[in-house]
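Undergrad: Here is what each chain is made of, one letter per residue.
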Amino acid sequence: AQSVAQPEDQVNVAEGNPLTVKCTYSVSGNPYLFWYVQYPNRGLQFLLKYITGDNLVKGSYGFEAEFNKSQTSFHLKKPSALVSDSALYFCAVRELRKGNTPLVFGKGTRLSVIA
Amino acid sequence: NAGVTQTPKFQVLKTGQSMTLQCAQDMNHEYMSWYRQDPGMGLRLIHYSVGAGITDQGEVPNGYNVSRSTTEDFPLRLLSAAPSQTSVYFCASSLRQGPVEQYFGPGTRLTVT
Chain A
1 AQSVAQPEDQ VNVAEGNPLT VKCTYSVSGN PYLFWYVQYP NRGLQFLLKY ITGDNLVKGS
61 YGFEAEFNKS QTSFHLKKPS ALVSDSALYF CAVRELRKGN TPLVFGKGTR LSVIA
Chain B
1 NAGVTQTPKF QVLKTGQSMT LQCAQDMNHE YMSWYRQDPG MGLRLIHYSV GAGITDQGEV
61 PNGYNVSRST TEDFPLRLLS AAPSQTSVYF CASSLRQGPV EQYFGPGTRL TVT
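Line order of the protein sequences matches chains A and B. The opening position of the first sequence corresponds to residue 1 in the numbering used here, with each subsequent residue numbered one higher. The opening position of the second sequence corresponds to residue 1 in the numbering used here, with each subsequent residue numbered one higher.
In case anyone wonders, no lab produced these hints; they're calculated from the structure. Mixed in with the good hints, there may be bad ones.
What the hints assert, rightly or not - Derived Cβ-Cβ restraints for the label pairs, each shown as a range:
(1) 3(B) to 83(A): 20 to 30 Å
(2) 106(B) to 58(A): 20 to 30 Å
(3) 82(B) to 3(A): 25 to 35 Å
(4) 3(B) to 40(A): 12 to 22 Å
(5) 83(A) to 14(B): 37 to 47 Å
(6) 106(B) to 82(A): 20 to 30 Å
Ideal Cβ placement from N, Cα and C applies to all residues, glycine included.
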């Protein structure tokens, strides 16, 4: 069965510093990987995805993520954090195979950017 | 496009009551799903549908029913509410399964007393 782990419940970073939110995954075959962001009292919004090809994926709001197959990781990164980046971030995986393969989410990491 | 809409936004139920959470999308998406979000648990999949007339169970289906009679609508029914079903419920849709992003509704906050 597919699964996602986000090892950090909370990440704190100073404004202007680089940020990393970690994600590791487990699937039997090849993965589709996603990052979503949730602001308070809102639904989730799509940030970026990895399907195939270049391991560095660029997404919305200056975020990027690096796919590492050997480490089964898909960490979210941003070179310079903003206070407005403070939110709850979710990593998700869908296995690439025939049949129904629902999207599975991690437990989320709360990012706090301090001015 | 309105995107994914959910009603109601808030609901309080007594134990044993039943109700239906409504979800609709106007993007002609094939795939729709229901999640519940609980503190420290992330999003857990309840049920999903890959098209009209086709539904399947997710990770936590017990106590919930769904149907998909049209492409647009995907209601979630609580047959006999329990305090353990107190949660925030999100409906989501995507064009299809596979490497496409899901669009989420604003959520329904349900409290069962």
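Undergrad: Could you tell me which of the numbered hints above are not met by this structure, giving the numbers in increasing order?
TA: none
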